[in-house]
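The task is simple: from the sequences and hints, build the whole structure.
Chains as they are written, first to last, in numbering that gives the first Met the number 0: chain A, 0 to 323; chain B, 0 to 323; chain C, 0 to 323.
Hints listed in this document are in silico derivations from the structure and should not be mistaken for laboratory results.
Any given hint could be a false lead.
Remember, identical chains collapse to one label, so a pair may be satisfied in a single copy or spanning two.
Stated by the list, open to error - List of simulated lysine-lysine pairs, DSS-like, C-alpha gap at most 27 Å:
id: 1; residue 1: Lys-33; residue 2: Lys-108
id: 2; residue 1: Lys-158; residue 2: Lys-184
id: 3; residue 1: Lys-60; residue 2: Lys-264
id: 4; residue 1: Lys-184; residue 2: Lys-48
id: 5; residue 1: Lys-322; residue 2: Lys-27
id: 6; residue 1: Lys-176; residue 2: Lys-48
id: 7; residue 1: Lys-48; residue 2: Lys-264
id: 8; residue 1: Lys-62; residue 2: Lys-187
id: 9; residue 1: Lys-278; residue 2: Lys-176
id: 10; residue 1: Lys-60; residue 2: Lys-151
id: 11; residue 1: Lys-322; residue 2: Lys-23
id: 12; residue 1: Lys-151; residue 2: Lys-62
id: 13; residue 1: Lys-184; residue 2: Lys-23
id: 14; residue 1: Lys-33; residue 2: Lys-23
id: 15; residue 1: Lys-151; residue 2: Lys-81
id: 16; residue 1: Lys-126; residue 2: Lys-27
id: 17; residue 1: Lys-23; residue 2: Lys-264
Quick caveat: nothing in here was measured; it's all calculated off a predicted structure.
Each chain is listed here by its residues.
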Amino acid sequence: MLRVTGTFLDEISHDIPHQNWGEKEWDKDFRAMKAMGIQKVFLIRCGHKRFCTYPSAVLEKEKGAYRPPVDLVDMFLRLAEKHGLDFYFGTYDSGNAWYRPEVRYDVEKEVDLMRRVVDEAWARYGKSKAFKGWYLSQEIARRNERAQACYKVLGEHCKAFSPDLKIFISPGMLGPKDYNEDMQKRGKTIPLREHEEEWNQIMDYVHSFVDVIAFQDGHLNYEDLPDFLAVNKKLCDRHGIECWTNCESFDRDMPIDFLPIKWEKMLLKMTYAAQVGIKDALTFEFSHFMSPNSVYLAAHHLFDRYCEYHGLPARSSDFAPWKD
Amino acid sequence: MLRVTGTFLDEISHDIPHQNWGEKEWDKDFRAMKAMGIQKVFLIRCGHKRFCTYPSAVLEKEKGAYRPPVDLVDMFLRLAEKHGLDFYFGTYDSGNAWYRPEVRYDVEKEVDLMRRVVDEAWARYGKSKAFKGWYLSQEIARRNERAQACYKVLGEHCKAFSPDLKIFISPGMLGPKDYNEDMQKRGKTIPLREHEEEWNQIMDYVHSFVDVIAFQDGHLNYEDLPDFLAVNKKLCDRHGIECWTNCESFDRDMPIDFLPIKWEKMLLKMTYAAQVGIKDALTFEFSHFMSPNSVYLAAHHLFDRYCEYHGLPARSSDFAPWKD
Amino acid sequence: MLRVTGTFLDEISHDIPHQNWGEKEWDKDFRAMKAMGIQKVFLIRCGHKRFCTYPSAVLEKEKGAYRPPVDLVDMFLRLAEKHGLDFYFGTYDSGNAWYRPEVRYDVEKEVDLMRRVVDEAWARYGKSKAFKGWYLSQEIARRNERAQACYKVLGEHCKAFSPDLKIFISPGMLGPKDYNEDMQKRGKTIPLREHEEEWNQIMDYVHSFVDVIAFQDGHLNYEDLPDFLAVNKKLCDRHGIECWTNCESFDRDMPIDFLPIKWEKMLLKMTYAAQVGIKDALTFEFSHFMSPNSVYLAAHHLFDRYCEYHGLPARSSDFAPWKD
Numbered sequence: 000m001l002r003v004t005g006t007f008l009d010e011i012s013h014d015i016p017h018q019n020w021g022e023k024e025w026d027k028d029f030r031a032m033k034a035m036g037i038q039k040v041f042l043i044r045c046g047h048k049r050f051c052t053y054p055s056a057v058l059e060k061e062k063g064a065y066r067p068p069v070d071l072v073d074m075f076l077r078l079a080e081k082h083g084l085d086f087y088f089g090t091y092d093s094g095n096a097w098y099r100p101e102v103r104y105d106v107e108k109e110v111d112l113m114r115r116v117v118d119e120a121w122a123r124y125g126k127s128k129a130f131k132g133w134y135l136s137q138e139i140a141r142r143n144e145r146a147q148a149c150y151k152v153l154g155e156h157c158k159a160f161s162p163d164l165k166i167f168i169s170p171g172m173l174g175p176k177d178y179n180e181d182m183q184k185r186g187k188t189i190p191l192r193e194h195e196e197e198w199n200q201i202m203d204y205v206h207s208f209v210d211v212i213a214f215q216d217g218h219l220n221y222e223d224l225p226d227f228l229a230v231n232k233k234l235c236d237r238h239g240i241e242c243w244t245n246c247e248s249f250d251r252d253m254p255i256d257f258l259p260i261k262w263e264k265m266l267l268k269m270t271y272a273a274q275v276g277i278k279d280a281l282t283f284e285f286s287h288f289m290s291p292n293s294v295y296l297a298a299h300h301l302f303d304r305y306c307e308y309h310g311l312p313a314r315s316s317d318f319a320p321w322k323d
Numbered sequence: 000m001l002r003v004t005g006t007f008l009d010e011i012s013h014d015i016p017h018q019n020w021g022e023k024e025w026d027k028d029f030r031a032m033k034a035m036g037i038q039k040v041f042l043i044r045c046g047h048k049r050f051c052t053y054p055s056a057v058l059e060k061e062k063g064a065y066r067p068p069v070d071l072v073d074m075f076l077r078l079a080e081k082h083g084l085d086f087y088f089g090t091y092d093s094g095n096a097w098y099r100p101e102v103r104y105d106v107e108k109e110v111d112l113m114r115r116v117v118d119e120a121w122a123r124y125g126k127s128k129a130f131k132g133w134y135l136s137q138e139i140a141r142r143n144e145r146a147q148a149c150y151k152v153l154g155e156h157c158k159a160f161s162p163d164l165k166i167f168i169s170p171g172m173l174g175p176k177d178y179n180e181d182m183q184k185r186g187k188t189i190p191l192r193e194h195e196e197e198w199n200q201i202m203d204y205v206h207s208f209v210d211v212i213a214f215q216d217g218h219l220n221y222e223d224l225p226d227f228l229a230v231n232k233k234l235c236d237r238h239g240i241e242c243w244t245n246c247e248s249f250d251r252d253m254p255i256d257f258l259p260i261k262w263e264k265m266l267l268k269m270t271y272a273a274q275v276g277i278k279d280a281l282t283f284e285f286s287h288f289m290s291p292n293s294v295y296l297a298a299h300h301l302f303d304r305y306c307e308y309h310g311l312p313a314r315s316s317d318f319a320p321w322k323d
Numbered sequence: 000m001l002r003v004t005g006t007f008l009d010e011i012s013h014d015i016p017h018q019n020w021g022e023k024e025w026d027k028d029f030r031a032m033k034a035m036g037i038q039k040v041f042l043i044r045c046g047h048k049r050f051c052t053y054p055s056a057v058l059e060k061e062k063g064a065y066r067p068p069v070d071l072v073d074m075f076l077r078l079a080e081k082h083g084l085d086f087y088f089g090t091y092d093s094g095n096a097w098y099r100p101e102v103r104y105d106v107e108k109e110v111d112l113m114r115r116v117v118d119e120a121w122a123r124y125g126k127s128k129a130f131k132g133w134y135l136s137q138e139i140a141r142r143n144e145r146a147q148a149c150y151k152v153l154g155e156h157c158k159a160f161s162p163d164l165k166i167f168i169s170p171g172m173l174g175p176k177d178y179n180e181d182m183q184k185r186g187k188t189i190p191l192r193e194h195e196e197e198w199n200q201i202m203d204y205v206h207s208f209v210d211v212i213a214f215q216d217g218h219l220n221y222e223d224l225p226d227f228l229a230v231n232k233k234l235c236d237r238h239g240i241e242c243w244t245n246c247e248s249f250d251r252d253m254p255i256d257f258l259p260i261k262w263e264k265m266l267l268k269m270t271y272a273a274q275v276g277i278k279d280a281l282t283f284e285f286s287h288f289m290s291p292n293s294v295y296l297a298a299h300h301l302f303d304r305y306c307e308y309h310g311l312p313a314r315s316s317d318f319a320p321w322k323d
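Shown next, in the form of structure tokens:
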């Protein structure tokens, strides 16, 4: 059975309320990740609009960004080294409307800024032994000229100076549980053939610098997932890209956006991915939705169900705060 | 004063996020129910769309249903026996639009499927000493030809082979806190006279097989509740049906859908029900909204307020996980 | 740096789900407030529509109000005395549409009722040593004839019989994170000049009886906050009114309305307020969003981050229930 071997770190989040953890809490959570079999952590984005995960001279100058009270990139890298996890750096997200072609902005300038942020981060943190790759943070679900151009510039740039580092993307699959900027569910399931055609083209375009694609598995109805996963795997294989799944651990079916997913649904999605030959999952994301340290207590139970299922000895009670 | 003597078990839920409990957690929660005076548990539905509470050959074949990782009906029955609770089995809910006459589908076929699921469940679980009745899971708020026909077929069918088992329904009362399928509050309070006329007719139709009606008490404004409860009691008395109330323990007045209700509101609703002579309440539902084991901590305090008020010795701290 | 020295007590709440605390829990929470440096508590409103914080003969007679199970005003005053906190009494809120001039109602009658509630409360509770002031509960964001008239009647009335007591208001600043009655975000940032002109006029009108204005800091985009805070401080200074900030501790940027704010954002807002010379903050509100006793666990961590930042020795673990 497929295992969850990676998780996003949802900093800077734009839609999940913050847990307000300090280093002590993150240290404990990296320990919990390790106990569940996680090997890789992905900073979802190094900055969002004016908020940053590290003090970025580039973003302060160009975007009027705020200096964060803690250098999270430094902290995550230290904790990753301590716990033997690999760290992937997520690129900057300006909050611009990549997805709405009718909104015009200077894409070239934007991508150039993102490139300079990558350079800055590499200069600051590239020496860390835990720094193992890049995550290109635009989440497209279908062909998107602007985002693809962005992938290409950043991807080729990163490959040029860090050829041994892996590059991940984690796109969506267009379905009824996709959200627009106002958090309204929109749209319908894209016809499978269109999904295949568009992603065949996208992969033609990105395969030379993208190492791994982990499609988000939460937008589709469950019954449509097997066919789409099969297409994803086939297309990735054809293009020499590793195919993972992003097995989302939050529930998109509920009026509260978002709380931990029901274990049965997560198991179903992992089973489908395993059936088409996918070997690895990352999840969005452990710390809120699967962690024994989460502020959402249903996550503690999800951790237990996952560990029981996989025969892992860890239990959420191992991390209970009264044992600290 | 009225007591809460029954609770739904919200499996399969379609609008309340899952707590991800395993048997150990459910066992503890049945113990907590007992401590609060609960005697009856109602499986809200045995299946919803493709998700099931037990491995149903019928639903797998006819609906492509998923086999659940745990047989919850078996587990609930064992726990009900262990803790001396009565179990009521909720009928299948296909997710079809019973409430929107403009949406056409083959009602007869649907009801026939539901009947076969009932048969299957009875064959699998009918021997359990805890299996004490049926809950017809369609939640109508006013006259509804399709749902009533469904009640009749299922109700008479169940009565024929299990005449000693009781049959419950738990309809709504149309008010401003009713939600549509997109979780938007809709509608206005139905005029009291219309409510009375329609329910008089409905009860004429169902009284020969429905033993108990427990109207949901959350859709109306509080100030309208006394008059509607009085009508409900009068109509039930006239038709020889037991009149309970479904004293909802979640709060419909808040932007978060849904968290535990304020104790004062729950007490107010129970007081109104007691004033018209209603003797028993069930609640939707204990495990998320009133339980000392809930992932929502306000539920722990609601449990304490309820127990204090009724002079019960139980306290949420008795169930604190650090005492496990 | 600015300190949070006051908090609202969100009784009666109309948009934050209740924690269902009894006196023991409130006692513990007042202790936590004290540990964080809070000196003043503000009852956000003594009643809302038919719900009341104390048994009000006036509201029972005039509004059909419900008698609450606990006299919260009495309890809060006793706890305030015990813990050495100052208590401010929030005026009644009928739920009328102060903000929508097109909705007509008898404002004079409404204000007269509010005045009688104030008299009743003063007669019942005015002897308490902890009773230190009044909070006028209408939350306007811009010029509003009806609410201002209400402020004037209540404010002058309170000043006449309790000249030593202070009067607070806590208006908004019109921005994109304002909510309408249906909990939809509405509107745009008011032009700074309009904000200044309108509040200059409002302060002309209220300065003789309003001692302190604490503008809510959550409606605006973060980047607009410094200019607005500077205007607020300048206008307050000009009118001889103390200028505080209401540094909201809930997050308005998330799809869940509402959970605790990210510490970084709260710190940013406090920093901006300090930069324009504001010395004190109150917050909406401690008990849900910053408290080590909150049902929202992210609040516990926010308490820790706040205390760490200010060099306070208190930690959320001091209040852990397993230490009770």
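Comparing the hints with the structure gives:
{"no.": "1", "hint": "Lys-33 - Lys-108", "result": "neither (39 Å within a copy, 51 Å between copies)"}
{"no.": "2", "hint": "Lys-158 - Lys-184", "result": "neither (36 Å within a copy, 43 Å between copies)"}
{"no.": "3", "hint": "Lys-60 - Lys-264", "result": "between (45 Å within a copy, 20 Å between copies)"}
{"no.": "4", "hint": "Lys-184 - Lys-48", "result": "both (23 Å within a copy, 20 Å between copies)"}
{"no.": "5", "hint": "Lys-322 - Lys-27", "result": "both (12 Å within a copy, 21 Å between copies)"}
{"no.": "6", "hint": "Lys-176 - Lys-48", "result": "both (25 Å within a copy, 17 Å between copies)"}
{"no.": "7", "hint": "Lys-48 - Lys-264", "result": "between (33 Å within a copy, 13 Å between copies)"}
{"no.": "8", "hint": "Lys-62 - Lys-187", "result": "between (35 Å within a copy, 21 Å between copies)"}
{"no.": "9", "hint": "Lys-278 - Lys-176", "result": "within (25 Å within a copy, 43 Å between copies)"}
{"no.": "10", "hint": "Lys-60 - Lys-151", "result": "within (25 Å within a copy, 47 Å between copies)"}
{"no.": "11", "hint": "Lys-322 - Lys-23", "result": "both (14 Å within a copy, 21 Å between copies)"}
{"no.": "12", "hint": "Lys-151 - Lys-62", "result": "within (23 Å within a copy, 44 Å between copies)"}
{"no.": "13", "hint": "Lys-184 - Lys-23", "result": "neither (37 Å within a copy, 36 Å between copies)"}
{"no.": "14", "hint": "Lys-33 - Lys-23", "result": "both (16 Å within a copy, 25 Å between copies)"}
{"no.": "15", "hint": "Lys-151 - Lys-81", "result": "neither (33 Å within a copy, 62 Å between copies)"}
{"no.": "16", "hint": "Lys-126 - Lys-27", "result": "within (24 Å within a copy, 48 Å between copies)"}
{"no.": "17", "hint": "Lys-23 - Lys-264", "result": "between (32 Å within a copy, 20 Å between copies)"}
Checked against the numbered hints above, the structure violates hints 1, 2, 13 and 15; every other hint is satisfied.
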